[in-house]
Amino acid sequence: LYTLVVCEKPDAARRIAQALGDPKESKPAGISVFDVANSDCHYKVCSALGHLYGLADSTKNRSVYPVLDLEWAPVDKNPRAARAIKVISELSKNASAFVHACDYDQEGEVIGHNILQYACGGKYEKALRAKFSTLTDEEIRESFASLERPSGGLAEAGRSRHMLDFIYGVNLSRALAQSLKMASNGYCNLSIGRVQGPTLAFAVDRELEIRLHVPDPYWTIAAQFEKNNQTFSAQYEKPKVGTLAEAKSIVSACIGRDGTVSDVVDSKAVLGPPTPFNIGDLQREAYRLFKLGPGYTLAIAEKLYLQALISYPRTSSQKLPPSIGYGKIISSLSRIGGYGQLTSMLLSKGRLVPNEGRMTDPAHPAIYPTGVAPQQKLSSLEFKVYDLVVKRFLATFGDPAISRHTDVSIDVNSHTFKAQGRSPVYEGWMVFYKPHVRLEQHELPELRKGDLVKNLGIDMEEKFTQPPYRYNQASLLAKMEQEQIGTKATRADIIATLFKRNYIASSVRGGIEVTDLGFAVIDSMRTFVPAIISTSLTRSMEEQLEKVEQGSAESVLVIEQAVDKLIESLSAFIEKEVDIGARIGNAASSSANGAQAATMIGSCPVCKKGQLRMIKSYKTKKRFVGCSNYSGGCKATAPLPQKGAIRVLGKACPECGWPIVGVVFARRSKHWKICVNMQCPSKKK
1 LYTLVVCEKP DAARRIAQAL GDPKESKPAG ISVFDVANSD CHYKVCSALG
51 HLYGLADSTK NRSVYPVLDL EWAPVDKNPR AARAIKVISE LSKNASAFVH
101 ACDYDQEGEV IGHNILQYAC GGKYEKALRA KFSTLTDEEI RESFASLERP
151 SGGLAEAGRS RHMLDFIYGV NLSRALAQSL KMASNGYCNL SIGRVQGPTL
201 AFAVDRELEI RLHVPDPYWT IAAQFEKNNQ TFSAQYEKPK VGTLAEAKSI
251 VSACIGRDGT VSDVVDSKAV LGPPTPFNIG DLQREAYRLF KLGPGYTLAI
301 AEKLYLQALI SYPRTSSQKL PPSIGYGKII SSLSRIGGYG QLTSMLLSKG
351 RLVPNEGRMT DPAHPAIYPT GVAPQQKLSS LEFKVYDLVV KRFLATFGDP
401 AISRHTDVSI DVNSHTFKAQ GRSPVYEGWM VFYKPHVRLE QHELPELRKG
451 DLVKNLGIDM EEKFTQPPYR YNQASLLAKM EQEQIGTKAT RADIIATLFK
501 RNYIASSVRG GIEVTDLGFA VIDSMRTFVP AIISTSLTRS MEEQLEKVEQ
551 GSAESVLVIE QAVDKLIESL SAFIEKEVDI GARIGNAASS SANGAQAATM
601 IGSCPVCKKG QLRMIKSYKT KKRFVGCSNY SGGCKATAPL PQKGAIRVLG
651 KACPECGWPI VGVVFARRSK HWKICVNMQC PSKKK
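Note that full-length UniProt numbering has the sequence shown beginning at 1, numbered continuously upward.
Source of the hints: derived by calculation from the structure; they are not laboratory data.
Hints may contain errors.
Computed cross-link-like contacts, DSSO-like style, restricted to lysine-lysine with a CA-CA straight-line distance of at most 27 Å [unchecked claim]:
hint	residue 1	residue 2
1	LYS418	LYS454
2	LYS248	LYS227
3	LYS643	LYS673
4	LYS9	LYS238
5	LYS131	LYS24
6	LYS683	LYS651
7	LYS27	LYS123
8	LYS9	LYS123
9	LYS238	LYS227
10	LYS240	LYS651
The following label-pair restraints were derived from C-beta to C-beta distances [to be verified]:
hint	residue 1	residue 2	range
11	LYS622	VAL425	50 to 56 Å
12	GLN642	SER252	34 to 40 Å
13	HIS213	ASP493	28 to 34 Å
14	ASN94	GLY325	36 to 42 Å
15	VAL425	GLN375	39 to 45 Å
16	GLY457	ARG288	35 to 41 Å
The beta-carbon is built from N, C-alpha and C at its ideal position, and this holds for glycine as well.
Just need the whole structure built from these sequences, with the hints factored in.
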């Protein structure tokens, strides 16, 4: 007799088997099984390949919706999964006990639950749970020495989440595809879901802010001064001067006049150490430093976890409990190349207290290095992420950094200019986080109140207010976290899906740009079925799932409530599916042909069915007007001015019926109103 240990991935199974004893590997049907016998117990350690079971539509008909009758079934697209199920099922027949050793989070709990229930014949309730945050030998042995009962609430919440995602995703996606087919007999790989919809809406709203932004002119004024043969610059006290006349007046009053130091304020700025990484923090920092997408960062972090180099990465926590053994980890890191000097600085402190953040996770602490030396050479990107985790961990134990700030006010003919000096006093924790951070340094000459400074020149520069920045992958992920939609495990995948569906694309100037298709999908949803992209609806579902995990809500009721809301949305969808399909049809076609970035400006007076949209060509970057009913045969098109902000006015030309738009070159400039139709009779008068 033996205890069957179910793991999530082959690499994890190997490490667990090695920690438990001297394993012997066999490969029935090509699936690794590790036999471990020691004085305490006889184990057979096997693994899944991720999810071996998934939800399936019992009708097996992709054209049918709504689909509400679901079943858990083996993943049919992966022949290895079928072989793994068969091997685990055979092993379970002679097992006297079972241990669930998959990753300790919702996804891992669901994977283990389904294997124990379906492949092992209903053994989930009888199994014991191994909980660990690292795959080090010591922690694995400790977890097997203190096995617990599995968390039914965690499994139920995870399975409920899968059901909600499947029900919303499959039904809404099929409704989109059907609407496109009804309107134009076309096909495009469309999808929308309860998290995907609101996330895409964030990007669309930001893109609209950028498009509708009208640049406001302002002027900045800077002066160059000299003291003791050292030159320095100072900015006028008003960062933005609102009018050209005022700017000229200030320059005229100050030019050629020396200044007098009217005030000098010295202060010390203290910058505390950073908090430990959770997965969102790590993804954002890896994007900032290395431009790694969130999904790629997570994949690398999981590889490092499976090699026992870092703790479990899918965590929300910013806390490092003393139980992980700060000193022991830092001592172990001292034996890994490159960290010896940094670790000796910390170990000499005596008392080690990390600077923790406020976020917690009931399952795992923040991400930290285990101190285990890599057994194989890491790739360049793997090392970058590993090194980042190590240095962030060390930096949390560092002292606050201190810099000296000198703020100087200079009077020039009753006009005040401000100069700032910055100089490092003590690097503190920044020593451990180099080269990713440094204290600002900007030297000023020694200045005292009443000193005269020579005026070397006054310059003014016209600038314009800028629109908000486009989301990048890291900031969009942060927005999802802020709005509490999705999970730490799924957010990166949602963003990746938006790229895959061609709803968003990487902008040539950096950041994320919404495509024509992405605009059309959100525009249609907002017009006809706004609940689908409701952030509050998605957030409320997340809150209900948390209650399921805690045992304070029943999963059946949560799913029933969500299904009721879905049916309401689908009813509205079906009623307007031709209109939705018409709006999306041309967008799908233009996206396939490389055009993107469309904004609706009015009804088409030619075909009477479509919507005229402002489109920005992906290839030429020029904007023009086109009809959404292009795939239905409407060839209505018109040029647009290539400069200035275009404003949708919602008015039609009384002469020809085409939309009238506003063109603004600056906020205080004349607001031009033009009919977009080049053949409009009014233009011939």
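Against the structure, the hints come out as follows:
For the suggested pair LYS418 and LYS454, the alpha carbons sit about 15 Å apart, so the restraint of at most 27 Å is met. Between LYS248 and LYS227, the direct Cα distance comes to roughly 26 Å. Compliance with the 27 Å bound is thereby established for this hinted pair. Restraint check for LYS643 and LYS673: the C-alpha separation of about 14 Å stays at or below 27 Å, so the hint holds. Of the supplied pair hints, the one linking LYS9 and LYS238 is violated, its CA atoms being roughly 60 Å apart against a limit of 27 Å.
Restraint check: the Cα-Cα separation between LYS131 and LYS24 comes to about 24 Å, which is no more than 27 Å; the hinted pair holds. Between LYS683 and LYS651, the direct Cα distance comes to roughly 17 Å. Compliance with the 27 Å bound is thereby established for this hinted pair. At most 27 Å may separate the alpha-carbon atoms for a hinted pair to count; LYS27 and LYS123 meet this at roughly 24 Å. Between the alpha carbons of LYS9 and LYS123 the distance comes to roughly 20 Å, so the proposed pair stays at or under 27 Å and holds.
Proximity of LYS238 to LYS227 is assessed by CA-CA distance (about 23 Å); at most 27 Å being required, the pair is judged to hold. With a C-alpha separation of about 35 Å, the suggested pairing of LYS240 with LYS651 is violated against the 27 Å cut-off. LYS622 and VAL425 have their C-beta atoms about 53 Å apart, which keeps the hinted 50 to 56 Å range intact. Separation of GLN642 from SER252 is about 37 Å and conforms to the stated range, judged on CB atoms against 34 to 40 Å.
In this structure the supplied range 28 to 34 Å holds for HIS213 paired with ASP493, their Cβ-Cβ distance being about 31 Å. As the Cβ distance of ASN94 to GLY325 is approximately 39 Å, the hint placing it in 36 to 42 Å holds. Between VAL425 and GLN375 the C-beta distance comes to about 42 Å, which sits within the given range of 39 to 45 Å. Evaluation of the 35 to 41 Å hint for GLY457 and ARG288 yields a pass: the beta carbon distance comes to about 37 Å.
Checked against the numbered hints listed earlier, the structure breaks hints 4, 10; every other hint is satisfied.
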